[in-house]
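Could you build the full structure based on these sequences and the hints that come with them?
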Amino acid sequence: MKMIKTSNIWRFRYLLLLLVWRDVKSRYKQAFFGFAWAMLTPTFQALVFWLVFGILFKIPTGKVPYLPLVFSGFIFWNFFSQSVSSATLSITGNSNLVTKIAFPKEILIFSSILGRIPDLITSLAVLIAILAFYHISLSVHILWVIPILIIEMIMALAIGMFLAAINVYFRDITAVVPILLMAWLFLTPVIYPLESIPTQYQLYAKLNPMTGILEGLRSAVITGTPPERISMLFSISITLIFVIFSYLLFKKLEKGFSDVI
Amino acid sequence: MEKAVVINNLWKKYKIGQPKKLGDALPLFLFRQKLKEFWALKNINLSVEKGERLGIIGPNGSGKSTLLKIISGVTSPSSGNFTTNGKVAALLEVGTGFHPDFTGRENIYLYGTILGMNLNEIKQRFDEIVRFSGIRKFLDTPVKYYSSGMYIRLAFSVAIHLEWDILLVDEVLAVGDIEFQKKCLLKIEKSLGSEKSLILVSHNFDIVRKLCNEVLFLENGQIKKNGKANSVVDYYLKHVQG
Chain A
1 MKMIKTSNIW
11 RFRYLLLLLV
21 WRDVKSRYKQ
31 AFFGFAWAML
41 TPTFQALVFW
51 LVFGILFKIP
61 TGKVPYLPLV
71 FSGFIFWNFF
81 SQSVSSATLS
91 ITGNSNLVTK
101 IAFPKEILIF
111 SSILGRIPDL
121 ITSLAVLIAI
131 LAFYHISLSV
141 HILWVIPILI
151 IEMIMALAIG
161 MFLAAINVYF
171 RDITAVVPIL
181 LMAWLFLTPV
191 IYPLESIPTQ
201 YQLYAKLNPM
211 TGILEGLRSA
221 VITGTPPERI
231 SMLFSISITL
241 IFVIFSYLLF
251 KKLEKGFSDV
261 I
Chain B
1 MEKAVVINNL
11 WKKYKIGQPK
21 KLGDALPLFL
31 FRQKLKEFWA
41 LKNINLSVEK
51 GERLGIIGPN
61 GSGKSTLLKI
71 ISGVTSPSSG
81 NFTTNGKVAA
91 LLEVGTGFHP
101 DFTGRENIYL
111 YGTILGMNLN
121 EIKQRFDEIV
131 RFSGIRKFLD
141 TPVKYYSSGM
151 YIRLAFSVAI
161 HLEWDILLVD
171 EVLAVGDIEF
181 QKKCLLKIEK
191 SLGSEKSLIL
201 VSHNFDIVRK
211 LCNEVLFLEN
221 GQIKKNGKAN
231 SVVDYYLKHV
241 QG
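Those protein sequences? They're chains A and B, same order as listed. Numbered continuously in our numbering, the first sequence closes out at residue 261. Numbered continuously in our numbering, the second sequence closes out at residue 242.
Worth flagging that the hints you see were computed from the coordinates, not collected in a lab. Be a bit skeptical, because a hint or two may be false.
Some, not all, of what chain B presents toward chain A, calculated at C-beta under 10 Å [what the hints assert, rightly or not]:
1) PRO19
2) LYS21
3) LEU22
4) VAL74
5) VAL88
6) THR96
7) ASP101
8) PHE102
9) GLU106
10) LEU110
11) GLY112
12) GLY116
13) ASN118
14) LEU119
The calculated lysine-lysine pairs, modelled on PhoX-like cross-linking and capped at a C-alpha distance of 20 Å, are [stated by the list, open to error]:
15) B:LYS144 to A:LYS29
16) B:LYS15 to A:LYS252
17) B:LYS144 to A:LYS25
18) A:LYS255 to B:LYS15
19) B:LYS50 to B:LYS228
20) A:LYS255 to B:LYS20
21) B:LYS13 to A:LYS255
22) B:LYS3 to B:LYS15
23) B:LYS20 to A:LYS252
24) B:LYS228 to A:LYS252
Now the in silico label distances, taken between C-beta atoms and shown as ranges [said to hold, decoys possible]:
25) B:LYS21 to A:LYS252: 17 to 23 Å
26) B:ASN118 to A:TYR204: 45 to 51 Å
27) A:ASN8 to B:PRO27: 37 to 43 Å
28) B:LYS42 to A:VAL260: 19 to 25 Å
29) B:TRP39 to A:LYS252: 46 to 52 Å
30) B:ASN81 to A:LYS252: 44 to 50 Å
31) A:GLY256 to B:ARG131: 37 to 43 Å
32) B:LEU192 to A:PHE245: 43 to 49 Å
33) B:GLU49 to A:ASN8: 23 to 29 Å
34) B:LEU192 to A:GLY256: 30 to 36 Å
Even for Gly, the Cβ is constructed at its ideal location relative to N, Cα and C.
Structure follows, in structure tokens:
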């Protein structure tokens, strides 16, 4: 039986490249402020939470001021959550490609995740400006951001592939994803630091693989320290388990995509 | 002779009424209900030689498009197997993946890669593609402002500059004005040779007679007749009228 070989993704690199380009370009072609939205979205989110939790209900944040903490939290979280939500819709949203063109469908998942990178880079520029404003200087440990972001992308890939594949069969997933992501946002140290969680719950918080990722990214940027080794290794292991499981499930369900979609 | 496509005992089943909501799936699962099945293709055996130009005809719902989809790799057979020998290009629809907000120029690149070209191939053929389409003036206009004719011309011009050993075409030739149709047919005829094969699904018997040397008549997912183009088309026309 002739199916597209999974090792053939290299053959579709141009398709991947052009799909990323289509995704990024179409997202900003219509909007008046264009790329500025990549900076404005996390800025507004951070301002709202700063008003509520930085000023009204003061959350203890240790030495780090609340605004850079919440802003960095949001840009790294948004990268994940936007990747997951666009990946989830990427198969059903491209049904014309799925039913008319033969290609490995994970290309659609990859492209929707890679398409989020320009936003992230743009918003990182704002983060650096905010850090400068608070006189927080960057250390060499900021380089940790790169490997941890790769882990975050793989995590988004795992969750996105899983949800996208199920979404072809049951569109209920489309409705579930925003709720899931909102719950996950509040259960992850994004708008608060990990230390502000009462000690008896800390262990549970650390069982969330996104905790290690978010904390690792934030410590690299703000405190200029390497990630905490155990929670980072935990996040990496969970990510790898998830991505292998999701990939196998995706490839199994992929065969039916063009018939069912 | 060397074979381009060989199909052995190929069957394709579709399930009717696949649930799209969990609420609909639950009773099916709980009461172990089976979905209705529909066999779109039943026991297809076929071989297409290199250089052969095969037309597939038959009434709507006879399985013509399903067969092309399987050969192109878009969907997989339920049982049986097939092999293809050479680079397959499938035109199951023109303009798949076109982005309405993108300009003609951008869509040439986008559509070209969707059809399997790489960026260099597209760059090399860019001028030829534009010349063939005849829409140079609107190259930098978003395609959403194109007339449907212009849209199809552009898409087809990209598709027709693909490189292939086996070309699968589903009905898409019946688009655009007569003049453009002729131009496309001519281009396909020119690219054909002793090594290249064509499989064409069409309801246009003039095109089938002109372009194909062999014809397959499908009905209800089965091969009803297979043979020389003119005799099978004549048989089909008699069959339909009688």
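Indices of hints not satisfied (ascending): 22, 24, 29 and 30
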